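Visitor: Each chain, written out:
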Amino acid sequence: MTEFWHRAGPVLTMILLLVALWYAAAVALNAAWAKDKAARANMSLSFSELVADTMSQEKPLLPAPHQVVKEIYNTTVLKKITSKRSLIWHGWITLSATLLGFAFGTALGILLAIGIVYSRAMDMSVMPWVITSQTIPILAVAPMIIVVLNAVGVSGLLPKAIISMYLSFFPIVVGMVKGLRAPDQMQLDQMRTWNAGGATTFWKLRLPRSMPYLFASLKIGIAASLVGAIVGELPTGAVAGLGARLLAGSYYGQTIQIWSALICAAVLAAGLVALIGLIERITLRKMGMLQ
Amino acid sequence: MSETVISAKNLSLTFQTNDGPVHALKDINLEINKGDFISFIGPSGCGKTTFLRVMADLETPTSGTIEVNGMSASEARMKRAYGYVFQAAGLYPWRTIGGNIRLPLEIMGFDKADQAERVARVLELVELSGFENKFPWQLSGGMQQRASIARALAFDADILLMDEPFGALDEIVRDHLNEQLLKLWARTEKTIGFVTHSIPEAVFLSTKIVVMSPRPGRISDVIESTLPRDRTLDIRETQEFADIAHRVREGLRAGHAYD
Amino acid sequence: MKWVLLAFLFWLVMCAVNVRLANGVQTRLTRVLVPTLFGVTLLILWEGLVRGLSISPILLPPPSSIALRFATSLPILWGDFVQTFIKGAISGYIIGCGAAFLTAIAVDRSDFLKRGLLPIGNFVAALPIIGMAPILVMWFGFDWQSKAAVVVIMVFFPMLVNTVTGLGAQDVIQRDLMNTYGASYWQRLMKLSLPAAMPFIFNGLKICTTLALIGAIVAEFFGSPIRGMGFRISTEVGRLSLDMVWAEITVAALAGTAFYGTVALIEKAVTFWHPSQRN
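Residue numbers (our numbering), protein chains in the order written: chain A, 515 to 805; chain B, 47 to 305; chain C, -13 to 265.
These aren't lab readings, by the way, just hints derived from the structure by calculation.
Warning: the hint list may mix true and false statements.
[Stated by the list, open to error] Quick list of in silico lysine-lysine cross-link-like pairs, BS3-like style, CA-CA up to 27 Å: (1) Lys180/B <-> Lys100/C; (2) Lys192/C <-> Lys733/A; (3) Lys692/A <-> Lys192/C; (4) Lys100/C <-> Lys192/C.
Quick caveat, the model's predicted, so the values are computed rather than measured.
Isolated chain A (complex conformation) (with noise of 0.2 Å):
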């Protein structure tokens, strides 16, 4: 139990603090407005009123948290999840996109690598630009990919799972290659004393040796997949899914929206790394490599 608190201690007293600096913050910005319509009403506010109008406004500039976890309720637990309005279906949308996307992405990443290290010629050829597009902002793609896959009648799922493919695609492969040339000298020395060939040291040592890099890497994968569906669904126009929200909010100035998509997909987010590091956890555990 102390252990417990030892550590979870400080994180929440941080949480408690950024909650409290956040209703700071949603009370000094929103007072203008309040003042604002109070002096248009003739009315002049008490503190303690203007407090109140500041955490309830309709397009506050920043929501207090209890407004967001209100929306968030509203559009989770009260609406019907095949409802446009829900979030849950929103949620969905963008999830299907980026599972789709890193499932590619991971896959491709994987067989590049091994392409990679096996080939001399592969690896002189395709590595250094494969390093060099990690300096790239390759997601100012996006809206190109979108627009171009609706000319040729593709749209919808795919050409989301397709910028998230691409933007998990060169961690993995990064990560892989690294991976699977961790294994050191004495050990591939060692593999050759036993006269083992090429796919019984990739099974045996080079693969069982990447897994720890590989799982580094698909948690860098998939945050940038999920970042990729988002950004995907904006040059569509408000259709659907998170980024839809995102950019319908911000049309229309709906805050307590953006915010309540904000924390959907920092909440997706946060659960896909989780899942693949309790993922990782398991699998180690039962190779051996984590105690």
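Given chain A, put chains B and C in place with the hints provided.
Guide: Frame of chain A, contents of chains B and C only:
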């Protein structure tokens, strides 16, 4: 010759771990005289390194007292009473050899000219003149350890505390450095506390050998060396050397060091 | 059809050349030549396929027309570059990384703060922060200030986490050594913690170069004045003039690589002593 520089009285240190308390040191009583070369020998877990760290105020004893130069260990540390040499050279890779030796001098506020003079002097002492502008990673392990000794000598503390400084080096290099260390000790007349797990090394270097044993960490024998202060590696072939080494070995066995 | 055949022929020849080069003796020249040949081959294959299969330029313009567009619209591209990269990305990068650096040094003194902030920092670094863009555009207006604000928030946490990790990265002997010298907090910070943290700090700085550019460009999708790389990309996509979009992407790629390269060069000069930088 009999002036006491370090004295420990009823010194105990207990670490609290998840598996219960560990008695690293229990009821240690020891006096170290000025100009002594004292070795601490014993199996791992006997508290020899911990004792050295207590002298240096890197660990705080649970009970008992430790005095260095007539002050508490922490006062002595603040007054920079000793130079400390660790198991590894611990040189800063972003500083040259000269820069590493200058580090304590900068911290202690020596002026620039004095710094340069001292760096040159201690580099010469450890036979590294000409390597001042090399980086540590361009030097061999033995040279790095010599540089770390120079760093400990640079600010002229009377006491030199060395924690298995040559443990990671091969035997040929180690023999050479042992000989050099004796010469340096003779020239500078420092008091040296030296932790080792090698019996020949302890016998060859010391005027006094402290044999320690584990669980709880304690002193099981203190052996005054009868060897002359001025010695060369050949002394290891003499009967006198073999006798002292034998007594150390007996002391280690008596302390159940091998169980 | 001739174009397609020619392109494939060229591709095959170049593949053979590269395999030959890669399996031969490796020199500095081959290490540059092989990826360059690969890149050039891809461009020629692209050009050949687009021409040979007469793919509509609305879908995929050939490299030659992108290059032409690039050359003829230099003033526009330069204006967009200044708006997005210099004003938005760089200023946000400096403010964000600077603030994170100072926060990290403050946090490093307190174990409580460190244990509280590190997990939160790691958590936030994985979130789709780019989604904050519409809010910040609402707060700071359409011009570059809101883009810089997005960049500040995006780079802050990765930089914070890396710097805090770095400040704890000295080994035990180096720390004990400072104790034996009775060094003060500031002496410790300047002579040990900061130099030892430099590899981590630069790792953070390098990650943040890409994030800064992404943040500045994507934030423009949520509203901007009528210039900027993100603005140009989204409007030209709407007008289906894809050669301009590709030209803009080329600028973004060049800027991103140059930005990263510059930071990497400074890193090489500062952390020359680190095993990863020594040859």
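Visitor: Now tell me, hint by hint, if it's right for this structure.
Guide: Tested hints:
{"no.": "1", "hint": "Lys180/B <-> Lys100/C", "in the structure": "violated, 37 Å"}
{"no.": "2", "hint": "Lys192/C <-> Lys733/A", "in the structure": "holds, 19 Å"}
{"no.": "3", "hint": "Lys692/A <-> Lys192/C", "in the structure": "holds, 18 Å"}
{"no.": "4", "hint": "Lys100/C <-> Lys192/C", "in the structure": "holds, 23 Å"}
Figure legend: structure checked against the earlier numbered hints; the only hint not met is number 1.
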